[in-house]
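Peer 1: With chain A held as given, fit chain B onto it using these hints.
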Amino acid sequence: MANKGQQNAQVFDTDDPDRIQDIGWTAREVWRRSRGFVVTSINIMTFFILWEIVTIYGNINPLFLPKASDMFMELWVGLTTRAPEGAVFSGSILDHFLHSFSNLMFGLGIAILIGVPGGLLMGGNKYIEAILSPYVWALASLPRIALVPLFILFLGFTTTMQVTIIVISAVFPIMINAWAGVKTTEKSLLAAARVFGANRRQLYVKVVLPYTLPFIISGIQQGIGRGLIGVVIAELFGGSNGLGYLIQRSADTFNTAMNFAVLLLLIVMSLSLINFTRWLEAYVAPWRSANHL
Amino acid sequence: MSLSNEPIIVANDLTISYELHRERKKLTALQDINLEVKAGEFVVLVGPSGCGKTSFINAISGLVPKETGSVTVRGEEVTGPGPDRAMVFQDYALLPWRTVESNVRMPFEFQDLGVSEAEKKKRVQECLELVDLNGFEKSFPYELSGGMKQRVGIARALITHPDILLADEPFAAIDAMTREAMQAEMERIVMETGQTCVFITHSIDEAILLGDRVVVISYRPGKVKEIVDINFPRPRMSNSEVKTSREYAEIRDHIWKLVKDEASQTNRGE
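Keeping their order, the protein sequence lines are chains A and B.
Those letters in the first sequence? Residues 112 to 404, per my numbering, in order.
Those letters in the second sequence? Residues 814 to 1083, per my numbering, in order.
The following block holds chain A by itself, in its conformation from the complex (with noise of 0.2 Å):
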């Protein structure tokens, strides 16, 4: 009996090294992995199509939907045309999304700054948590938009402020995460660190960090879509900068092709940067998404 056993458990023995073999692309396989991308591109184009259809044949008025090439035609001189010099109004998308996206990334990064350390420092000491959780939850609850009228008057019609609510919008989600990350570090394996010798300080720079990190990564992914919420509201509110002053110069002067063009810079912008996110998560934490293969 115990003899049979044993010879089972060698057959399930799934450790030999020479069993992983080279299995080569087949066409079938390279469609498997590409269809997603191909299906996707089809769909979207399909979508462009059948939007200039309508509105040639449609009769639809131009000033609520325009024409789905007038709306490229917009994006592309506004991406390839700048303000010449000098000049106090510019109409190139190019200048206003620059303006808008180092706005975000200095926000952005501001945000980190303050969030990532504020976060760790909240989850590792019980005291600072209790001092500081509750203004971090006031101010992770209130609307931020709420907040925009006050910042005006503080600051003006300014980049600063401008920046400003792009921090205040982006810092929660981070900080929290990290936050999160610290007290959720699963109990096993600081226990197996101080079975094995870490002190306090190793428990936390060689266990909690690298644990957090991928939860940094996700509270990032969240301030990038709460910062962007931050950048439009800021500049639609005040300033005469950015994608969001566009958005309602564009809508005010009857151009809603203009403004298309700029609500589909938004998606890719947003979209393009979720995804760096996720492909650093998956990059940083690859055992996080080899869980639910």
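Worth flagging that the hints you see were computed from the coordinates, not collected in a lab.
Fair warning: there could be bad hints in the mix.
[Unchecked claim] For each label pair, taking beta carbons as the anchor points, the in silico distance ranges come out as:
#: 1; chain 1: B; residue 1: LYS839; chain 2: A; residue 2: ARG312; range: 27 to 37 Å
#: 2; chain 1: B; residue 1: HIS1015; chain 2: A; residue 2: ILE239; range: 36 to 46 Å
#: 3; chain 1: B; residue 1: GLU932; chain 2: A; residue 2: VAL379; range: 53 to 63 Å
#: 4; chain 1: B; residue 1: ASN947; chain 2: A; residue 2: SER299; range: 19 to 29 Å
#: 5; chain 1: B; residue 1: GLU932; chain 2: A; residue 2: TRP136; range: 38 to 48 Å
#: 6; chain 1: B; residue 1: PRO1048; chain 2: A; residue 2: ILE385; range: 52 to 62 Å
[To be verified] Covered by chain A, according to a simulated footprint, are these stretches of chain B (three or more residues, beta-carbon under 8 Å):
#: 7; region: 831 to 843
#: 8; region: 892 to 901
A virtual CB, placed ideally from N, CA and C, is assigned to each residue, including glycine.
Peer 2: The following block gives chain B in isolation, referenced to the frame of chain A:
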């Protein structure tokens, strides 16, 4: 395997309890435990869930403070973890961002044991060889099966050549077939290294096949209910006569009844 009569672990009237914060109550997990483990001995603890087996092993490892009584290792009171004691965890507790090699080296990284770099490298190789994992140095835990992960856990525990190996249900999360292979491997490793081992399990078969002594712990508060000596010659895992012998059946039946009596109390509602 040399069994000296010198006890290496001595628990004397050991009591451990936890505070239940919500109810302002205290739960006594273990009460007045007296147990001596000799050097080179393999002691297995069995008992119903929640009886305090893990608390006992954690008291030896130094992870959990005792309330009264004492635990000594080689005559010295346990006040915290130390390199003379290593542990194997039920859920492996491998750092997922580290390779197999880096996980196995972890104990050297956290404490300076005066081991040279060359010796560390040699030990990593030795330990991976001992658990049959050479060739997987650069793999990550998530790329391994459950059985392989636990072998990494065992290699990590053995790397510092600890006096005592503590194992808290190390094979509980592993499928039955692999589990049997792991038990055989555990027996082989212990026979090769002469390691002192305190091992928790819910499987009575595992207890009898691996243990020199099986300690049955009663349900809350955990007390030593009975200690059963197991005298089958080793290796037992590869010897089909052990499991089919009449003596095995009798011991199994005896321990099963002891545990069942205790387990039935857990169902009576608390």
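Peer 1: The hint says 19 to 29 Å between ASN947(B) and SER299(A); measuring C-beta to C-beta, is that right?
Peer 2: Between ASN947(B) and SER299(A), where Cβ atoms are some 26 Å apart, the hint holds.
Peer 1: For the region 831 to 843 of chain B, do three or more residues have a beta carbon lying closer than 8 Å to a beta carbon of chain A?
Peer 2: violated (count 0)
Peer 1: Assuming the hint says 27 to 37 Å, is it satisfied by the Cβ distance from LYS839(B) to ARG312(A) or not?
Peer 2: holds, 32 Å
Peer 1: Starting from the range 52 to 62 Å, see whether the pair PRO1048(B) and ILE385(A) falls in it by beta-carbon distance.
Peer 2: holds, 57 Å
Peer 1: 53 to 63 Å was suggested as the range; check whether the CB atoms of GLU932(B) and VAL379(A) agree with it.
Peer 2: For VAL379(A) against GLU932(B), whose Cβ atoms are near 56 Å apart, the range 53 to 63 Å holds.
Peer 1: Falls inside 38 to 48 Å, the C-beta gap from GLU932(B) to TRP136(A)?
Peer 2: Roughly 45 Å apart at Cβ, these two residues keep to the hinted range, so it holds.
Peer 1: Hint says 36 to 46 Å; check whether the CB-CB distance for HIS1015(B) and ILE239(A) agrees.
Peer 2: holds, 41 Å
Peer 1: Count residues of the region 892 to 901 of chain B with a Cβ under 8 Å from any Cβ of chain A, then say if the count reaches three.
Peer 2: Held - the region 892 to 901 of chain B has 6 residues with a Cβ nearer than 8 Å to chain A, which meets the minimum of three.
Violated hints amount to a single one, hint 7; each of the other numbered hints is respected by the structure.
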